[in-house]
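Taken in sequence, the protein lines are chains A and B. Counted from 1, the first sequence has number 1203 at position 96 by my numbering; the numbering is strictly sequential. Counted from 1, the second sequence has number 308 at position 105 by my numbering; the numbering is strictly sequential.
Just so you know, the hints here were simulated from the structure itself, not pulled from any lab data. None of the values given here were measured: they were computed from a predicted structure. Cβ atoms here follow ideal geometry from the backbone N, Cα and C, with glycine treated the same way. Please note: incorrect hints may appear among the correct ones.
Computed list of chain B residues with no C-beta within reach of chain A, every gap over 12 Å [claimed, not checked]:
1) ALA288
2) VAL321
3) GLU450
4) GLY615
5) TYR616
6) LEU671
7) ALA761
Here are some, though not all, of the chain A residues that point toward chain B, as calculated from beta-carbon distances under 10 Å [unchecked claim]:
8) ARG1111
9) ARG1113
10) LEU1123
11) ARG1125
12) ASP1126
13) GLY1129
14) GLN1318
15) LEU1319
16) LEU1324
Some, not all, of what chain B presents toward chain A, calculated at C-beta under 10 Å [stated by the list, open to error]:
17) HIS445
18) PHE447
19) GLN619
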Amino acid sequence: MFHRIRTLIIKELQTLLRDPEGRRFLILPVLMQLCLFPFVTMEVRHNTLGIMNHDDGPISAELIQRFSQARAFEKVVWIKSEHELKETVEQQKALLVLRFPSDFSRTLEAGKSPSLQVVLDGRRSTTGQVAMGYIADILQDYSMERAQARGAVTAGSPPLTSLVVRHWFNPNLDFTWYILPSLVAIITTIGALIVTSLSIAREREQGTFDQLLVSPLTPGMIMLGKAIPAIIISMSQGTVIFLAAVFVYQVPFSGSVFLLYGSMFFYMLSLVGFGLFISSICSSQQQAFLGTFSFMMPAMLLSGYSAPIDNMPQWLQTLTWFNPLRHFIVISKDVFLKNIDVYTVAMHVWPLLVITAITMSMAAFIFRYRLG
Amino acid sequence: MSEQHVVITLTEIGKDFPDPANPKGAPRPALHSISAGIRTGVITGLVGPDGAGKSTMIRLMAGLLKPTRGTVRTLGMDPIGEAEALRHRIGYMPQKFGLYEDLSVQENLNLYADLRGVLGEERRVSFARLLEFTALQRFTERRAGRLSGGMKQKLGLACALLGQPRVLLLDEPGVGVDPISRRELWKMVEDLARSGLAVLWSTAYLDEAELCDEVLLLNEGQLLFDGPPKSLTDKVKARCMHVFGIEGNRRQVLKRALDQDEVMDGVIQGRNVRILLRDSEKHPDLARLGAGPDAGIRNVAPHFEDGFIDILGGGPGGESVLAERLTQIPLDGAVVIEAQHLTKQFGDFTATDDVTFKVTRGEIFGLLGPNGAGKSTTFKMMCGLLTPTSGTAMVAGYDLKRSGSAARQQLGYMAQKFSLYSTLSVRQNLDFFSGVYGLYGAKQRAAVEEMTEVFNLAQFLDAAPDTLPLGYRQRLALACAIMHEPSILFLDEPTSGVDPVTRREFWTHINGIVEKGVTVMVTTHFMDEAEYCDRIGLVSAGELIATGTPDDLKEMVAGGTRDDPTMEDAFILLVQQHAEERARTAKAA
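If we strip away everything but chain A, and leave its shape as in the complex, we get:
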C-alpha cells in the first residue's frame, strides 16, 4: 500500500515537473504576484482636496493649512460658488470638498461646536471613506491641541479625555505587513486547487484515469495520490512567499514557523478537498478550470482580505465560515504579526477540518456514483 501510494506521488510530481513548461507554470505566477501585489496598497495618496471657505477667521486658516499638508492630498483647489462646488465634484476634480460656514471661527472661539460640511464623491466611496478618516484625525488632533492650550491657561483643571490611536502589530500601518501574510494564503490556494482539479481532468481526457481505475488501487489511494503532491507543491509555493515576505519585504515574523506550517497543512487539505470535489464533477480540463475559478473568486471576496467580514450581512457572514481561505488568512496574518498561541490557532483550524471532511466525502461519493 505504501509503495503504491509512493508510486502515485512520484508519477504526479514527474508529470508536473518533467517538462520546463510545467515548471514555469508553477513558479512564474507566484513570482509575478509576489512582485505586483505588495504595491497594490489601500492607502490613499495623491488626491485633490477642495476647500470652500466662507469664514475669514484664524481657525479655518490654520485647519486648511494642516489639511493641505496631509499625505493624502497633494493639491488644494479653492472653490468660490455652489456652482463651482457642483462642477468640481461632478467632474472628479477633487476627491472631497470641505465647506467652512462663515461663523466657523467665531462659534469655536465662543466655546461652542461649529459645524463643518464635508462633501464626498459617492462614486469613489472606498477612497473617500479612507480620506474622511484622515480628515477626522486631523480635526481631532487640532481640537485636542486647543484644549491643552486652554488647559495651560486655566492651570489645575483636569486634562481632557483624549483619543490616542495606536495601531498595534503594525504601528506604522505598513500595508506590505498586511498584504504579504495574506498572499501566503492566497497564492497557495491557486496552486493547490489547480494541481488537484486539473490533473484529474487531464487524466480523464487522456484515458489514463481508466487505467488507474482498473488497477488494484482503491479510490482512497487514488485520492491520496492526488492530495499529497498537491500539498507538496503548494506548500513549496507558500515557502517561496514566506521567505520573500521575511527577507525581501522585511515583514517581521513574530510567531512560530511550526504553527504556520502546521496550519498551512490543514488549510491545503481543505483545498484539496475542494479540488477533488470540483474534479469529481468535471469531465474536461476546461470544465475543471472554470470550476476552480468559480470557487476562487467568491473565496477571495469572502475571505476578509479585501472587505471586512464584519460589514457583511449576517447570512453572508455565516456562509464565509465554509470558506477555508477566510480561516487561514487570519491564521497567517496573526502568526506573522501577533504571535498567537496554539490554542488560538486551533480555534481557526478546526473549521478547516470540518470543511475537509465535508468536501472529501462528497468527492468520494461522487467518484463512486460516477462509476455506478
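Take the given structure of chain A and dock chain B to it, following the hints.
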C-alpha cells in the same frame, strides 16, 4: 459510366514535419516523393495504417497544407494559390467532421450552406436532395451529438456535398461506424462516384481496399502500391492457403507454421489456419505442423492484406519472446470470467440487458457488436469500470462489486485509445505501472528490465511514449498491461489502425500468452481479430444474441446462396435477424 478524367495530380510530393522527439533537429518526412493521380467516376482508396501519411496527403490535395517538395494540381489548379476558385469545387470531410454537436442536423446543414454560399432555391433543392440521399429526413431536429456514428458520418457527407463539388475527399469515413452502416455509407459514395465525381476514400481497414476501384497503399510515408486492388491480390493468388481439418490446438499449429521457411505469414481463421506461402510450389510439410492426420492444405481466395504483407516482406515469426518468460498457469478448466444476468441502465436506456456468459481459463473470448450495441458497457462492467445496475460480474473468482481491488490485481487492461502517460518517459511509465500493481525494489527493477529487453525498448527509454513508432507504442502498452503477470487480460479494440505486421506481432504475443494459461477477453469490430477468438459473444441492442466459435456463427447464417459466409456476413445477418425479430415482437405486443 461517364468518361474518366484525372482531376488531381501529385508530382513527386513530399512533406516534412518537425520531429516531436527533437523539435530543433532535422524534420521528419511524413511523405516521401509520391506521384499519383485521382480520377473521376471511381472510388480511389487511400489505404494504410495510422500514421502512414493519409491525412497529410488529403490535406495537401485540399490546399490545407503546403508540400515541402513537388507539386499538387487539383482540377488543374494550385490548391493553395487558387484556393478561392477551388473552394466550392472540393468537398472535404476531415476525420472528425466539424459537426457542431449541440446544433441539430438542420442547423448544421444551414451553417455549412451559409459557409459554402449555397443560398436561395439552390439551397432548398440541395437540402431536400441530400436529406433524402442520406435518409436523415426524420432526424432533422435531432442534435448532431446524439446521432449514431454512422448517421454522423452521413451528415458529414451531406455537409461536404453542399455546393455540388466535383472532388470528394473523405478522410477515414469508416471510423466509428459499424459494418452495417459502413456498407450503407459505401453504397452512397459509390453512387456519387458513378455519377461522375472523383472520390478519395481513406481507410485503415484493409478489407475496404478490396472494394475500391483504385488503391493507393501508403505505409510510413511511402507509396507501396498504386493500381486496381485486384492486380495486387492476383500476385499472391496462388500462395494463399488454408490448413484445414486441424485436430488439437490451432494456435500451436499457427506457431509451427510461422516457423517454417516456406511460410511467409499466417493467421488464425476460425478453426483453420490461413497461411501465405513464399512460393506457390513449395508447400510446408504437414507432418511438421502437427495438425493431425486429417489435416490438409487447400488454396483460398487472396485478400488485400495478403498483398500488403507480401510487399512488406512477410509477417513476424511464431515465437512470442514475451510468453516464454511467463510462468505457466495450470489449465484447470476453471471458469475465470463470468457474467451473471448483467444489466446496466442509464436513465431509462438499457445499455446492457441481462447478459450471461462464462469464459474458462486459457480461452480468448471476443465481444463483437455494432457501435452503441452495449459491448463497451459490458466490457467495462467486466473490468470494474462500471458498476452493473443488476447482476454480477465475477473475475478470477471474485465479485468485482465486493472485492474489487483483489480482483483487479489479477487483471491486465489495454485500452482502445493509447492511454499511457504522455507526460512521463517510457521508463517512468514502466516504473509507474509496475509500481501501481504492487511491484517494488529488486522485483520491480527486474520486471522493467525484462520488458525493456523483450520488447526491445532500450533505445526509447527516455523518450515520451507519443513520439514512438506505432509498433513500439503497441508493445509498450502491452508491456504495461502484462508486467505484473495477470491471469486475465482485457483488450479493448487492441489493434485498430495498426499495420498488419504490427497486428500479427501483437497476436503472436496474445496467442503465446494464452498458451501459458492466461485468459483473454477482447472487444473488437475487426472481423479478422474476431477470427482469433476461441469463442465470440455477439452483442446487439444491449443483448447477447449469439455465442459460439467463429465457425459456429458463420454456420448459423450459411445456406442458400451463401455457402461460405465470412465473419462480416455472419455479423451483419445475425444483427439484422435480431433487429427484425425485435420489431416483430414489438408489433405483436
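For each hint, the structure was consulted:
Residue placement check: ALA288 (chain B) keeps its beta carbon more than 12 Å from all beta carbons of chain A (closest about 38 Å). At roughly 33 Å from the closest C-beta of chain A, the C-beta of VAL321 (chain B) stays outside 12 Å, upholding its exclusion from the interface. Non-interface call for GLU450 (chain B) relative to chain A: holds, since the shortest CB-CB distance, roughly 38 Å, exceeds 12 Å. Separation of GLY615 (chain B) from chain A is inadequate, the least Cβ-Cβ distance of about 9 Å not exceeding the 12 Å criterion.
Separation of TYR616 (chain B) from chain A is inadequate, the least Cβ-Cβ distance of about 4 Å not exceeding the 12 Å criterion. Every beta carbon of chain A lies more than 12 Å from that of LEU671 (chain B), the smallest distance being close to 16 Å; the non-interface claim holds. The Cβ of ALA761 (chain B) lies farther than 12 Å from every Cβ of chain A, with a closest approach of about 38 Å, so its non-interface assignment holds. Restraint check, ARG1111 (chain A) versus chain B: the minimum CB separation of about 6 Å is within 10 Å; hint holds.
Given hint, ARG1113 (chain A) at the interface with chain B, holds; its Cβ is 7 Å from that chain's nearest Cβ, closer than 10 Å. Interface hint at LEU1123 (chain A): satisfied, since its Cβ lies 8 Å from the closest Cβ of chain B, which is below the 10 Å cut-off. The beta carbon of ARG1125 (chain A) comes within 6 Å of a beta carbon in chain B, closer than 10 Å, and the hint placing it at the interface holds. For ASP1126 (chain A), the interface hint holds, the least distance from its beta-carbon to any beta-carbon of chain B being 7 Å, beneath 10 Å.
For the restraint placing GLY1129 (chain A) at the interface with chain B, the shortest Cβ-Cβ distance is roughly 8 Å, inside the 10 Å limit, so the hint holds. Below 10 Å, beta-carbon pairs count as interface contacts, and GLN1318 (chain A) has one with chain B at about 6 Å; its hint therefore holds. A least Cβ separation of about 7 Å between LEU1319 (chain A) and chain B falls short of the 10 Å threshold, and the interface hint therefore holds. For LEU1324 (chain A), the interface hint holds, the least distance from its beta-carbon to any beta-carbon of chain B being 6 Å, beneath 10 Å.
Given hint, HIS445 (chain B) at the interface with chain A, is violated; its Cβ is 38 Å from that chain's nearest Cβ, farther than 10 Å. A hinted interface residue such as PHE447 (chain B) counts as satisfied when its beta carbon comes closer than 10 Å to some beta carbon of chain A; here the least separation is about 39 Å, so the hint is violated. For GLN619 (chain B), the suggested interface contact is upheld, since its CB lies about 8 Å from the closest CB of chain A, less than 10 Å.
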